[in-house]
Structure formats: C-alpha cells, structure tokens
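Trainee: One-letter residues, chain by chain:
There are 4 protein chains.
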Amino acid sequence: MKKVLLTGFEPFGGDDVNPALEASRKLTGWTQGEALVVTRAIPVVFGEAIATLAAAIEEEKPDAVISVGQAGGRAHISLERVAINVNDARMADNAGNRPEDQPIDPKGPVAYWSTLPIKAIVRALQESGIPAAVSNSAGTYVCNHLFYGLMHYLAKEGLSLPAGFIHIPLLPEQAAKKPGQPSMSLDLVVRALQLAIEITLR
Amino acid sequence: MKKVLLTGFEPFGGDDVNPALEASRKLTGWTQGEALVVTRAIPVVFGEAIATLAAAIEEEKPDAVISVGQAGGRAHISLERVAINVNDARMADNAGNRPEDQPIDPKGPVAYWSTLPIKAIVRALQESGIPAAVSNSAGTYVCNHLFYGLMHYLAKEGLSLPAGFIHIPLLPEQAAKKPGQPSMSLDLVVRALQLAIEITLR
Amino acid sequence: MKKVLLTGFEPFGGDDVNPALEASRKLTGWTQGEALVVTRAIPVVFGEAIATLAAAIEEEKPDAVISVGQAGGRAHISLERVAINVNDARMADNAGNRPEDQPIDPKGPVAYWSTLPIKAIVRALQESGIPAAVSNSAGTYVCNHLFYGLMHYLAKEGLSLPAGFIHIPLLPEQAAKKPGQPSMSLDLVVRALQLAIEITLR
Amino acid sequence: MKKVLLTGFEPFGGDDVNPALEASRKLTGWTQGEALVVTRAIPVVFGEAIATLAAAIEEEKPDAVISVGQAGGRAHISLERVAINVNDARMADNAGNRPEDQPIDPKGPVAYWSTLPIKAIVRALQESGIPAAVSNSAGTYVCNHLFYGLMHYLAKEGLSLPAGFIHIPLLPEQAAKKPGQPSMSLDLVVRALQLAIEITLR
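Chains as they are written, first to last, in this note's numbering: chain A, 1 to 202; chain B, 1 to 202; chain C, 1 to 202; chain D, 1 to 202.
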C-alpha cells in the first residue's frame, strides 16, 4: 500500500466553500490498487500553510504529496509545472497578511519543478474526457507559496517523493455568483484527482 | 398535464456529440408536476431545422416550446432574449449551406422576443447554484435561425405559447479536446432545463 | 457636399474620458471628398440621449448619421448590426436612471437593422490594418437605446438615411487603470471612423 | 553615457512582421539623458537566439539588456518576472525545431529572476497611461528560452547588469487578421520601451 497525502485549501476571498477542500474530503480514505489517500485542510495563510503541510508530511510519511487549490477564471484542471520563491499578494490572506515581493525563503533557490508526471496526467485526463492542461504559473499567492514550501521542505529533508500542485476551477455554485466565470462539477474534479493519483503512483 | 416540446440540435462542426441533443434525450418523457416533456432532434441545416420544428409543433400541439443549442466558448446557461431575421454563417451547416446576410423570411419582422420568462429562469438557476445569464444575441447561425423560425411560426399560426431558445456550454469531454474552452456537466445542464421547464409552466 | 452627423457619448461609469467623444471632437469639421462632418456630444442618460440626437438631426439635416459609443472589453471596432427595443441597465446612467426590461417605445417594433454598409466597412477597416468585426448586440444600455432611438426616429420621420452605431474599444489611458482590458489608440479610432464615413457615402 | 542593448525577435508563426523587431528598430540609436540604445534582431530559433544575444553582449558591452517579444492574446505590456529552464514548444521555431520538455541548460538552475525594476516600470507605464502588468510566465517557447539564456549567460560571466524580458501585444495590423485579438499601436509600444529604459537606468 502506498500512502498519498492530498491537501485542499480552506475557503478564502469571500467564498464560503473551496472546491479543493471539498474534493479532498471526498477522497479521504479512498483506496484503489496500491493507493490509500489521507487528506489535510490547509489554511489560506502565508507561513501557516507550509507549517501545516510539513507537519502532515512528518506525521503521515506519505509516498506522494498532491496539493490542490482553486483557480478562479480557469476552465480546466491545471497541472502546475513550477513553484517560484516569492510571495506577492494582491489581496490579504485569511489572517490579514498581504506580503509584496517577499521571498518565501531568502536562502531558497528561485524555483522548483513539480515532480509529478504532469504531462502524463494531462494526457490521461484528456483521454478520459476531462479538460486539463499544464500551467507554467501557480501565481504568487498562497497556492504558489504552499507549492514552493512543499518542494523546498522535501529538498531540505532529502525526501524524493513525487510531489506537486494542481489548480482546479470554481464549482458551479461559486460561478453562479460570478457571471462569466467557468466552472467544473465536483464529481469531475474528484475523478480528475483519482486519475492524477493513479498516474503518479504508476 | 401540460406538454413541453424540448428540442436539441444534432452534432455539427466536427463534433460527434451535441450536449443539446444529449440533454433533450435525457428528458424525453420526463414528468413533474404538470409537465410532460416530449423531444425532437433538430438537423443543423438551414431551412430543414425550422421545418422539423414546425412539423413537431403540429404533431405534438405543445403548451410550451424550448429549443436548445450548444454555444462553444460560453461558461453558463444562456437564456436568449431575441431572435433576428438573418442567416449569416461563418461555417457551412451539415448540408453544406453557408448563407451570408440572407433574411430568414423576407416578409418577416426584424426580430422576435423570447416569450419564456427569461429573467425568472436566470434567477432560479443562479439560486440553485447553476451559472446562468440572459444573452442578447443567439448569433446568426442555425441556432438563431431556429429560434427566429420558431417565433415566426407561432406568430403566423396565431399561437401564443411560451417559447424560446437556450444556449448551453460544451460538455467536458468536448472541452477536453479544445484547450481553454469552458464546459458544463450533462447532469447540471439537465437540471437547468428541468428548472427552466418548471418556471415556464408556473 | 454631404453632411455626416457623428455623435459621441460623454464620459460615464466613473471614467473621466470617453473615446467616442474624443474621436468625434477630432473629426468636427473634417472634410474629404464629398464628406463634411458635424458632431454632437450625447449625454449618457436614457431619454435625453435620443432627444439630443433627434434635435441635432432636425437642425443639421444630415445625409448620414453615425453614433459612436465605448465598449469596454472589446478589442476591435464593432459595427453594430441591430438595435433592440429594450432598456435593461446593470448600472445607473449619468442621471441615476436604471431601467430594467422597459421598452424604449412601447409602440415600436422589436428591432431595427443598421442601414450602414457594415460588412463593407469591416472589410475596408481590416484591409487598412484596423481590427474590426460585425457585432450582433449593442447591449441593452444607453448605447443600444440611442441606436434604437436613432433608427426609430428616422423611420417615424420617413427619412431613409444611412444610419447606425459603432462601438469602439477603451483608450490605452483608460485600460491602464483596468488590468487586462484591451484598448485602441485614438489615432486609429479616428482613422477607422474616417473610413467608415467614406464607405458610407460611397 | 550608458549603453542599453535592446533586442527584438524576427517574425514567426506565419506573421510577416514582429512588433518587437519594429519597436527595437525605431529605437536604434535613441539617446536620452544617459541612455544610448543599440539593437539587435534575434532569430526565432532555439539555440541561435541565445548565441546571437551572447555575441551582441560581448560586442557591445552594454550596461543593461532588455529583450522584447510578441505575446499574442495579451492586451498590455508584460514585464516578465521569471525565466524557467525548459524548452517546450507547441509549434516549430523558424528552423523547424520543436523541443518538448528539454532543459535549456541541463546544468543550469531551475529559474532566474529578471533584474529589471519590473514593479517600478509597471507603475511608470500605468501613470503614463500605458496598459502594463507584471507577468509570472514568459511561456516555454523561444521568448522564455532567450530570457533564460540571457540571465544564465550573465550569471556565468559574472556580469551584474539589469536585464530582463518584456512581452508586447500584437500590432493592430496583425490583430486585424486575427478576430478578437487585442493589440497596441507601435507608437505606444515605443514609448513604453523608452520609459522602461529610463526607469532601468535610474
């Protein structure tokens, strides 16, 4: 059995739901083939987000880590390619922090690659009828922050697990309040994450 | 019991599926409260589309008519407000016709309003968590053509039924082949059409 | 000499400039070949807009009328095809009016076509390197209101002039304050309107 | 006098013009305050692009380097923040190369930051009425390739010049052939680059 740690962010920015959290909850305890999924909710707070994830990795000792966040405005599942060493927030996080052009770790490298098989996952999703693409930017808000923190933690600890970040669209019920925004059903997001987990463990 | 005629277009433009047809098939025979749904597939062919719909109205004598078509690029359910008296196609229809700036009926008025309760339907959909909006243009291809033909036929026959046109997004499996395109699950589209039918008959 | 009445709306919606007004001012008194341009500023107020335009037509007795408005979000010159008989405002006009689903004239027809040679103008603009397209909706705010009012006035007065409405993008200085919005330089807009006038009088 | 090396890419992807090349040509020999601009045309070819730029730096010994490329679909001047060590092309370059997921330099770091004052430039542009924003991805085509190659070359040579990459929109004459695409006039792009040079040398 291989353990996959799947994380989802808490709601933020005025929303009372976050599809990343909803999807990860649906997958708590999911097993298939070799995979067992454990999950964590991650606060949308600079610093705390990384600390929560690092504690979960120490506790769970997973074989792979996939962090998931919401990307308003995107119509497809986005496999993030690269995390960059900067916090640059246009709006405050859930604790009121709004860093501008601050390094995540002043001693860290400029960027880390995702170590998930992102191209293979995109192909598998598309073949299963799920809109998906590689993304070259996870932004500079708490999503990129967590993604960078994840890869930096694994590097410092000398752990070579497959790990990375996936952005998902808004839920239809969120988009219903934001005219013109694309969305994706929770069922489809859950199927997409299941496929991503399977491809990652293969 | 009130009979609602629901129509969906056949696939076109290289797609092998049309969400409008899929959704209408799922609703064939659907009953709730006063509603009984009968459906027809409509060819994506100028002229034939209207003829097929007119024949169905004569045969079924419905209490309301809702025609549905696919709108690539739109992220929400679009309640069309107005049909205009022009065929102006950028690509050929399924019979190879590509009319430019031709009136649908040279003797017809410039435009017809939808007689569906479009604002009430949009509100009901949004309150149910389904992305929806009023649209002020159904384009100038076979969708607008059918919409105009429907309203013109009812006007000429002196029938005052609620009738109109609804555009729906691509299915996820279509969008999976068209990077960046928004989509909506068939389940949600079906729920949206059920709500539209209920509000229309209220 | 043929007189063309060119109108541009005053600023609205928090902007302190309107590219339609700026462009029309630049063209005041412009002559070329048969064309002489006279201009008017139009208030962004339901009702007053049409009254101002009707008074200008009576006074100037033009051979053609082209009304121009700003279309935030559009990247090209839009030749509007059709005006519809409805006022449906999402935000208040400059006098605080915010009509919803009101007819412009309860006795008027559903819609009027533009009588400008819209396809020929689009072709001429594109050939001159100016982004342009036909648009099938002028919206339901004061722009469509003025366009409908223009065509309805001419119809009631029995005047058969070429007349219609052109939407133009934001100016770069407006877009500089609205991240992601497309824009077009005033010089290019002025050239586009000159071409539209020439094609209209041909 | 401080010398600024400004580079612009040659046309590619079926276009017969590249706004980056046009703008850089207009600025050849431009001087203002301390600035003297020298320019180079860069081939849209993986490998050759970097070699051409490196040769120009050796020859010109500039005090700052700004490389410029065209970004179809973007409406504003994009100050690129970060270059990543990957070539991943969706279409062939001008020599027929189409690398997928190849490192630019297998021994290079994952990414480099721009050393241009990107936030100060964005503010200056916006204050001058020019649409501008920071971008967190220069893509994975020849633009990012050149940007990475530039920063990697400077790092290897131990040169600490301000250097980076700016993406600019299509010209109106290009957008006239690509319906819906935003554009920016060459004059405005030239003014934007002049301001970027001035802020960089300050």
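Please keep in mind that the hints were generated in silico from the structure rather than gathered at the bench. Fair warning: there could be bad hints in the mix.
As the list makes no split between identical chains, a pair holds if one copy fits it or if it spans any two.
[Unchecked claim] DSBU-like cross-link-like pairs, simulated, lysine-lysine; straight-line CA separation at most 35 Å:
#  : residue 1 : residue 2
1  : Lys26     : Lys107
2  : Lys177    : Lys2
3  : Lys2      : Lys61
4  : Lys177    : Lys156
5  : Lys107    : Lys2
6  : Lys156    : Lys2
7  : Lys61     : Lys178
8  : Lys156    : Lys26
9  : Lys119    : Lys156
10 : Lys61     : Lys26
11 : Lys178    : Lys156
12 : Lys177    : Lys61
13 : Lys2      : Lys26
14 : Lys107    : Lys61
15 : Lys119    : Lys3
All values reported here derive from a predicted model rather than from experimental measurement.
Trainee: Against the earlier hints, flag every one the structure doesn't satisfy and list their numbers going up.
Mentor: Violated hints (numbers, rising): 1, 4, 7, 11 and 12; every other hint is consistent with the structure.
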